[in-house]
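Asker: The listed protein sequences correspond, in order, to chains A and B. Using UniProt numbering, read the first sequence as starting at 1 and increasing by one per residue. Using UniProt numbering, read the second sequence as starting at 1 and increasing by one per residue.
It is worth saying that the hints were derived from the structure and are not from the lab. Be aware that one or more of the hints could be misleading.
Pair ranges (Cβ atoms, derived) [unchecked claim]: (1) 139(B) - 140(A): 55 to 63 Å; (2) 31(B) - 10(A): 31 to 39 Å; (3) 47(A) - 91(B): 51 to 59 Å; (4) 123(B) - 129(A): 27 to 35 Å; (5) 195(A) - 16(B): 49 to 57 Å; (6) 60(B) - 182(A): 24 to 32 Å; (7) 168(B) - 142(A): 30 to 38 Å; (8) 129(A) - 110(B): 35 to 43 Å; (9) 110(B) - 40(A): 41 to 49 Å.
Glycine included, each C-beta is placed from N, C-alpha and C at the ideal position.
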Amino acid sequence: MTNSRLYWAAMDGWTMTRRSIKHIVREKESLMMAIGLPVAIMIMFVAVFGGAIQTGTDYVNYVVPGVIITCAGFGSSIIAVSVTQDMIGGLFERLRSMPLHPSSLMVGHVIGGFVRNAIATTVVILVALLIGFQPEAGVVEWLGVIGILTLFMLSLNWLFVVFGLLVKNVETANAITFPMLFLPYVSSAFVPTETMPSWLHTFAENQPMTPLIETLRGLLLGTPIGTNLWLSIAWFGGLLIISFIVATILFKKRKTE
Amino acid sequence: MTDQVISVQGIKKRYGEHLVLDGLSFHVERGSIFALLGENGAGKTTMVRILATLIKANSGSAKIGGYDTDSESVSVKKLISLTGQYAAVDELLTGEENLQMIGRLNHLDHRTVKARTVELLEQFDLSGAAKKRVSTYSGGMRRRLDIAISLFANPEVIFLDEPTTGLDPRSRKNMWELIRKLANRGVTIFLTTQYLEEADQLADKIAVMNNGKIIETGTSEQLKSIIGKEKLELTFQDQASFDEASKVIKGQINESEKVISVETEGSTESLRRLLNTLHENQIEPVAMHFRKPTLDDVFLEITGKSTKGVSSND
Ligand SMILES: Nc1ncnc2c1ncn2[C@@H]1O[C@H](COP(=O)(O)OP(=O)(O)OP(=O)(O)O)[C@@H](O)[C@H]1O
Ligand SMILES: [Mg+2]
């Protein structure tokens, strides 16, 4: 009994994931933005600021992890809008009047969004390689990169599902994602934190993006990782669990309005 | 004993201070078409949402097929399908993909999903547009697709919340045809509408709702006997002919617009008599037309007052 319920939950999740992937491919503007914007940012940073910012390595090498993170943040933020759209459109009501667990709707958005993240990240890395990015990572390090990015993206996707469930209209869903996109800039993503004023420096050093970026840098370029890997896992593992639980609660609450 | 597939007893629903449903009770016979008739904000959608297990009532009970919509909602969900007031179709998917998605979510096997999709597209006259995105569909096509989707799992009871609102007259006629066909197959149809004519055309039983209460229930014949017949409205050019006319013919008088409404059974004979009377008195109306009774007339008759200004504005 439990087995067949699990089976159907997985099947429903897969059905909704297929739908989300179709959406992602067909919403050309969103996809172009999700890929084009980070690539443009990367090229701009390397070309314009590359000479001016002293990081101790080639600036392109320094900046790639930050661009990947910004890219994921931007891609994930689109999820909030999609979730809100489904909630205020009739699909959610229809699913709820059917004998199944409608949370497959959220699973579809999270995994579908992950596919978009993966496509965008791959493009960013390919472009980076073209403009001179020289990673020193071996197979194990690359697997590590994939693992930590997967954790980061899934946790972020669930977080944006929470945002999508919280707001009542698409405009607000759009606006609420905005601050998330700035977080990477106030970290070691684009400039070393030592160059910031001290109050900003303190924030940048202690916000979750910094250990994540330092971990990626370590894996890709061989810089020391230290406690950053565990800090990242703690931050984003925690975010994943909390977002997932909050999303589930909000989703249930939506039922009995 | 007749077979009541839906029975609702004393349902109340409150949103904050606002008592949206104030003790609704009614029954729907298996295989019949039931229409809940009421204007904007009457509480129709709220009632449908309670029956479709989407929200809980504050008090009272609602049963479908003997199952309680609150405590036995899973059993209820297996019997029903809901087509909400606003089409729940996915704009970015094609008609075919929309159907297949819901088919899979109904946990039907791959082959059944395929076969049933083809069958429903055919039946709802959407085969030609099957591979087009729904964003390119007309309002009528969307509605049809929406209903096709909700029929995927062969439900016993179908809820249609304002199925023709926003459709042009031709699409509306087609939709009526479609609803009749569904009913002929033995499914129970629960529809809501703002149009008296629609309820009249389709429903075996009509419940008239106003301000969260059912103010009248009956067949369309029974309701018509309450609200009277079609009316002929005669408009007059000037005050003199209007005054003159109101002396010789009997009817409802509207001073300000110089209109007299006369009840008629619609026969040419009665019309001739009326015009002759006017002619003999040398009065010619400038315009005349038939007017079918409206929902407003129903309220007027039943409650003794017009709903204008009485109905709650959200
Ligand atoms: N979730 C809600 N919160 C607060 N008030 C609500 C809610 N849902 C409905 N109402 C109120 O309940 C009343 C009845 O709404 P309902 O949607 O049931 O009417 P309706 O008969 O379907 O109207 P329409 O013809 O416009 O669809 C309205 O005054 C509406 O503002
Ligand atoms: Mg309504």
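Asker: None of the hints should be skipped; say for each whether it holds.
Answerer: Results for each hint:
Here the CB-CB span from residue 139(B) to residue 140(A) is close to 57 Å, well matched to the stated 55 to 63 Å. Checked against the given bound of 31 to 39 Å, the beta carbons of residue 31(B) and residue 10(A), roughly 38 Å apart, stay inside it. Judged by the Cβ atoms, the range 51 to 59 Å given for residue 47(A) and residue 91(B) is violated: they are separated by roughly 39 Å. Our hint of 27 to 35 Å for residue 123(B) and residue 129(A) is violated, since their Cβ atoms are close to 54 Å apart.
Distance hint check for residue 195(A) and residue 16(B): the Cβ-Cβ separation is about 54 Å, which falls inside the suggested range of 49 to 57 Å. A hinted range of 24 to 32 Å for the beta carbons of residue 60(B) and residue 182(A) is inconsistent with their spacing of about 51 Å. Checked against the given bound of 30 to 38 Å, the beta carbons of residue 168(B) and residue 142(A), roughly 59 Å apart, lie outside it. The hinted range of 35 to 43 Å is satisfied by residue 129(A) and residue 110(B), whose Cβ atoms lie roughly 41 Å apart.
Take residue 110(B) and residue 40(A): their Cβ atoms lie about 43 Å apart, and the range 41 to 49 Å holds.
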